[in-house]
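Just so you know, the protein sequences line up as chains B and Z, in that order.
Every position in the first sequence, counted from 1, becomes a number in the working numbering once 302 is added.
Every position in the second sequence, counted from 1, becomes a number in the working numbering once 302 is added.
It cannot be assumed that every hint is accurate.
[As the list claims (entries may be wrong)] If you want the footprint, here are the derived chain B segments under chain Z, 3+ residues with CB under 8 angstroms:
1) 312–324
2) 340–353
3) 371–381
Simulated from the structure, these hints should not be mistaken for laboratory data.
For every residue, glycine included, the Cβ atom is placed at its ideal position computed from N, Cα and C.
Next come the chains, spelled out residue by residue.
Number of protein chains: 2
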Amino acid sequence: MSQGDSESSPSRFRARVHVYPRREILDPQGRAIGEALARLGFDEVAGVRAGKGFEVELTATDKSAAVAQLERMCSELLANPITEDYSVELLEDSAR
Amino acid sequence: MSQGDSESSPSRFRARVHVYPRREILDPQGRAIGEALARLGFDEVAGVRAGKGFEVELTATDKSAAVAQLERMCSELLANPITEDYSVELLEDSAR
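The following block holds chain B by itself, in its conformation from the complex:
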């Protein structure tokens, strides 16, 4: 009945952020890994790109607010907008 109760309380979300070199950017690390896989006998591999991943736990009022915050984190810190693409994925067991 207090003012606090009428606001939606924030939920906890778990998300993954994927950061990969842009398609048009050379990816020597990915190429080296692809070649190492071929040497190990994985002949069926046609290409590898090597990226970074971040598992982030955060609180937000709802899913869209969580995604918006995560995208801000990417553009401000986690990804280099010149050379990298990023995507944000909320994990299934989020929002407990």
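Knowing the structure of chain B, use the given hints to seat chain Z on it.
Chain Z in isolation, oriented as in the chain B frame:
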């Protein structure tokens, strides 16, 4: 009608491999990133773990064969079984 036709022809799959430090392992990089996010004003972040990602294109006879191959790649090259956990994800637009 030839022998070749009766075999299932391999399809192309696109997958992501996620490699993260195990929960019980310290993750100084993730911690530093969490602290940097807090300094940038992202107070809602409760934790960050920093990992690696690989986008792999490969051919396989079916989805389960693709996943099995990717898991072999993880245990043989992409992940360190002592310190890292991995998961494999086939991307939606796979199997063209």
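Cross-check of the supplied hints:
Counting residues of the segment 312–324 of chain B whose beta carbon lies closer than 8 angstroms to any beta carbon of chain Z gives 6, which reaches the threshold of three, so the coverage claim holds. For the segment 340–353 of chain B, the stated coverage by chain Z holds: 10 residues have a C-beta nearer than 8 angstroms to a C-beta of that chain, and at least 3 were required. Proximity of the segment 371–381 of chain B to chain Z, defined as three or more residues with a beta carbon under 8 angstroms from a beta carbon of that chain, is established by the 6 residues found.
Of the numbered hints listed earlier, not one is contradicted by the structure.
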